[in-house]
Amino acid sequence: MAGLGSNKYTLFGVMAILMWSCVMALTRDIAELFGPIGGAALMYTVSTLALALVMGVPRLSDFNTRYLLFGGALFVAYEILLALALGMANDRQQAMEMAVINYLWPALTVLFAVLSSGRKVNVLVYPSVVLAFIGVVWCISGDSTLSIESIKSNIATNPITYSMAFSAALFGHSTATSPRQ
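Quick note on numbering: my numbering labels position 80 of the sequence shown as 80, and the sequence is numbered without any gaps.
Bear in mind the hints are in silico, worked out from the structure with no lab data behind them.
Just so you know, these numbers come straight off a predicted model, no measurement behind them.
It cannot be assumed that every hint is accurate.
To be verified - Derived Cβ-Cβ restraints for the label pairs, each shown as a range:
#: 1; residue 1: S147; residue 2: V57; range: 43 to 53 Å
#: 2; residue 1: E32; residue 2: Y9; range: 32 to 42 Å
#: 3; residue 1: I155; residue 2: V57; range: 16 to 26 Å
#: 4; residue 1: I37; residue 2: F75; range: 31 to 41 Å
#: 5; residue 1: E149; residue 2: A41; range: 33 to 43 Å
#: 6; residue 1: V57; residue 2: K152; range: 41 to 51 Å
#: 7; residue 1: I160; residue 2: L49; range: 23 to 33 Å
Here a beta-carbon is modelled for each residue, glycine too, at the ideal position from N, C-alpha and C.
Given the sequences, and given the hints that come with them, work out the whole structure.
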């Protein structure tokens, strides 16, 4: 790492993206081995211990109590819903659909931020958000043609997991926009 110079942060960013992209598959694999609830509990317990070892235990008094309670509750709800949706999917294809639905939260964050800000924004923001939603719908429809009926039939195969995934996307948006101070 010493010879990387100014490129080390770029390398760290690329490594973070690669690791982040593996999270959904890892969550599904762990759920297949330990069950949806046991897998989620194991994954978050090990992650918490590793984080505490590397970063130390945070002092809760350093955080705004409202942010800690509200943001923490939203984050926990998001993670539980997402882990269960991935673990309870009928098969790996459906787990991939849950992962794609999870990526609605950035588009929702942009949309709600634009709508609530009252500021004038570039008109291309709206078609971009619509395009993100169409991409998710297209992925959910799978190999079948893109139609409302095919989406409804796909969701009907396991409505609980789709509901959890959509709820997680909403909670993920809320977590990203919860007040920090």
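Hints, one by one, checked against the model:
1. S147 - V57: 43 to 53 Å: For S147 and V57 the Cβ distance comes to about 51 Å; the hint holds.
2. E32 - Y9: 32 to 42 Å: holds (35 Å)
3. I155 - V57: 16 to 26 Å: Check failed, 42 Å falls outside 16 to 26 Å.
4. I37 - F75: 31 to 41 Å: Violated, at about 18 Å.
5. E149 - A41: 33 to 43 Å: holds (38 Å)
6. V57 - K152: 41 to 51 Å: holds (47 Å)
7. I160 - L49: 23 to 33 Å: Once the Cβ atoms are compared, 30 Å apart, the range 23 to 33 Å for L49 and I160 holds.
Comparing the model with each numbered hint stated earlier shows that hints 3, 4 do not hold.
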